[in-house]
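Given the sequences, and given the hints that come with them, work out the whole structure.
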Amino acid sequence: MATNQNNVHPGSDVSLEYNPKNVAFIGDYLPRQCGIATFTSDLYKSYDSFIPDANALVVSVNDATEGYDYPSEVRYDFYQHDQEAYKKAAEFLNAKSVDVVCLQHEYGIFGGPAGSYILTLLRNLTMPIVTTFHTILKTPDKDQLVVLKTIADLSSRVICMSEKGRDFLINIYEIPEEKIDLIAHGIPDMPFVDPHFYKDKFGMEGKQTLLTFGLLSPNKGIENVIKALPRIVEQHPNVVYMVLGATHPHLIKHEGEAYRDSLKKLANDLGVRENIRFYNQFVELDDLREYLGSADIYITPYLNPAQITSGTLSYAFGCGKAVVSTPYWHAEELLADGRGVLVPFGDSDAIATEISRLLTDEPVRHAMRKKGYLMGREMIWEHVIKMYGRSFARARQERMSIVGSQAPYTMGAHSSSVYKLPTIRLDHLFRLTDSTGIVQHARHHLPFYEEGYCTDDNARALILALTLQSIGITDSRLAQVADTYCAFLNHAYADDHRRFKNFMSYDRRWLEEFGSDDSTGRAIWSLGCCIGRALDLNSISWAMNLFEKVLPSISEMSSPRSWAFALLGIYEYQKRFNDDRLAKTIQRRLLDKLVFRYTETATEEWPWFENTLSYDNALLAHVMIRSGEERLVAMGLKSLRWLVDLQTAQQGHFQPIGSNGFYTKGQPRAYFDQQPLEAQSTLSACLAAFEVTGEEEWHRTAIRIFTWFTGLNDLGLPLYDQQTGGCRDGLHIDRVNQNQGAESTLSYLLALSELYYVQKQRATLKSATATSSTLVNA
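Its first residue numbered 1, the sequence shown is counted upward by one per residue in our numbering.
No lab work stands behind these hints, which were simulated from the structure alone.
Since no wrong hints were added, every one of them can be taken at face value.
Derived BS3-like pairs: lysine-lysine, alpha-carbon spacing no greater than 27 Å straight-line:
1) K265 / K227
2) K164 / K370
3) K138 / K149
4) K96 / K386
5) K201 / K370
6) K87 / K179
7) K420 / K760
8) K21 / K87
9) K638 / K575
10) K593 / K638
11) K665 / K638
12) K179 / K138
13) K207 / K371
14) K207 / K370
15) K164 / K149
16) K371 / K386
17) K21 / K88
18) K149 / K179
19) K265 / K253
20) K575 / K760
21) K149 / K87
22) K575 / K549
23) K45 / K386
24) K179 / K386
25) K164 / K371
26) K179 / K45
27) K227 / K264
28) K665 / K593
29) K386 / K164
30) K179 / K21
Next comes the structure, spelled out in structure tokens:
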């Protein structure tokens with residue numbers, strides 16, 4: 001059974017039913033007259049139609065410097081012989097935060113030897129690539145071999161349209177079989193209709209019609225059908241052969257209409273000019289449906305067996321046409337088992353025999369049509385697009401497969417004591433903070449004012465500012481923004497409810513009467529920190545007044561996390577006022593509530609406080625560890641060890657519970673999207689365990705969790721942005737979220753500042769021990 005992507009372990013082989021929305025299709029595109037252009041157009045339009053909320057775009061390669069008058073979905077185009085343009089196209093796609101790139105590969109549409117310029121584009125992309133190979137040669141030259149193999153190496157998945165193509169990819173190009181997806185050429189969904197329904201459209205009433213369509217060129221072998229016409233007409237005088245398609249643009253450029261004129265002359269010379277009609281036009285899909293609908297027999301008389309895919313054959317076959325074809329590779333595969341008729345290459349007599357037989361024997365012809373039509377149901381675009389979506393989803397796992405193949409990561413016994421912490425940078429904190437408070441969201445590194453502010457983030461920001469001050473950072477701007485966060489909380493308090501409002505619009509309007517339980521709990525935590533850590537009496541007095549007003553209300557709330565936030569606030573408060581009876585009473589009440597939750601839920605296999613691991617999970621174990629009660633400390637340590645083990649990948653790095661589905665007992669676990677909040681929360685709990693137990697392993701674990709921010713994670717990609725000083729908003733299944741909002745940046749800075757705080761304490765203790773030893777020796 002297929003599994004939702006959020007519940008798939010990184011690197012697993014489970015087929016995903018998740019289709020990425022932001023897909024970019026690269027190829028040439030209509031109105032350029034080219035089979036790949038038609039395919040890319042059909043692929044884009046089908047993805048846009050059949051994938052809910054799709055946000056796809058097209059990047060088109062041009063064979064003319066002036067380009068084409070493209071439709072709106074073509075967001076970027078470039079000239080095929082300008083190698084530098086390929087790099088710029090990659091930069092454009094990287095900036096668009098595309099989930100997956102889908103390349104339509106055909107040697108002739110890209111510049112350089114064997115189309116090698118496309119490698120410049122692919123090498124500069126930052127997202128997974130899925131490549132559809134439209135031409136797979138049995139005997140490639142050296143350049144063709146190297147280009148295709150390199151494209152395959154750069155691609156997470158490759159797609160071919162026939163079994164023969166897959167065999168070539170495996171045995172000639174040495175592409176791993178497990179990397180290849182076999183997906184048929186898509187076709188329009190047409191009803192199984194009687195050809196007479198459409199014949200009047202073309203003045204063909206009472207005629208038996210043969211059809212060949214596609215760009216006209218000498219390799220199509222149309223002259224062999226014309227040579228067969230006299231014998232066919234002799235038995236079926238009402239036959240008309242419809243040759244539909246514009247002459248190939250490259251042929252027009254070098255020879256004009258010489259080939260078409262030669263076909264007309266041949267028809268005149270053989271006396272069948274009245275039995276053939278040329279339609280010199282490049283048809284769109286709606287017109288093509290009508291031409292196909294009017295045909296009794298479709299013919300592909302190609303001259304060369306080396307054609308791995310034929311879009312025109314796929315269309316005709318899947319739409320229920322009786323087909324006569326020469327045995328090129330795709331036709332051999334598609335028309336097997338009586339689904340069509342194969343005739344030798346260049347054999348006009350065989351063509352005449354088989355067409356005459358099918359025109360005479362209607363039961364055979366219609367049985368053939370039905371076989372093709374039924375098989376073609378698997379080729380309609382709606383079905384094909386689902387298969388492309390699954391291929392895209394597997395491609396998004398490719399990064400995890402790479403990480404999973406790396407050697408397991410372990411930290412040395414004393415690594416935490418020598419790990420060099422990054423420098424604390426506050427650029428992005430100040431960038432997000434204005435005179436009202438910290439803006440909650442960002443688009444990339446820029447504050448997104450439209451979504452305003454929230455108490456949750458301003459409470460976190462105040463805790464961060466106080467923590468930074470406690471490790472000796474004395475930046476005057478830090479003291480200023482700390483006051484701003486205090487003022488925001490002061491304004492957020494709703495005295496009539498004894499709670500805090502949470503969301504405020506950018507124009508300073510509160511959007512609710514009061515906020516969530518958690519936002520009030522976080523506010524209490526920040527007030528407790530202010531009382532326990534602030535150095536100026538004004539801040540302490542302000543926080544004391546608000547703390548005493550709101551604290552009693554927390555017992556009435558139902559969220560275990562709100563209780564835990566408040567407990568952290570109480571612990572901080574007790575650093576200054578340890579004997580306050582109100583705080584002790586509420587502390588006892590909240591701890592009892594959490595103990596009750598634990599005893600109701602916990603088992604040996606699931607030693608936790610709830611049946612679901614959701615967000616900020618380690619917080620619950622954290623407050624038990626800091627309770628000071630032996631029984632509760634043991635409970636907290638046991639649950640934290642279980643949670644840390646659960647969130648440790650096989651390779652040894654931190655792997656937090658994903659936010660898209662979380663983890664309910666007995667259900668599949670979500671691995672993505674991974675949130676910075678989880679890393680900070682778990683790290684903080686581990687440092688509390690280190691403080692209480694003195695066990696160095698807890699400190700090493702905290703350091704290991706911190707490296708999740710800097711790139712030791714499922715994707716091997718850093719979330720911390722050294723350029724801006726911000727932290728990106730999460731780890732998706734294939735990339736990082738490029739936005740750098742308040743919660744993510746505060747989580748990173750809180751984690752780092754807590755590590756600095758412990759480092760400072762250890763240095764102070766070491767210094768004091770050394771001094772004591774010196775005095776004793778003296």
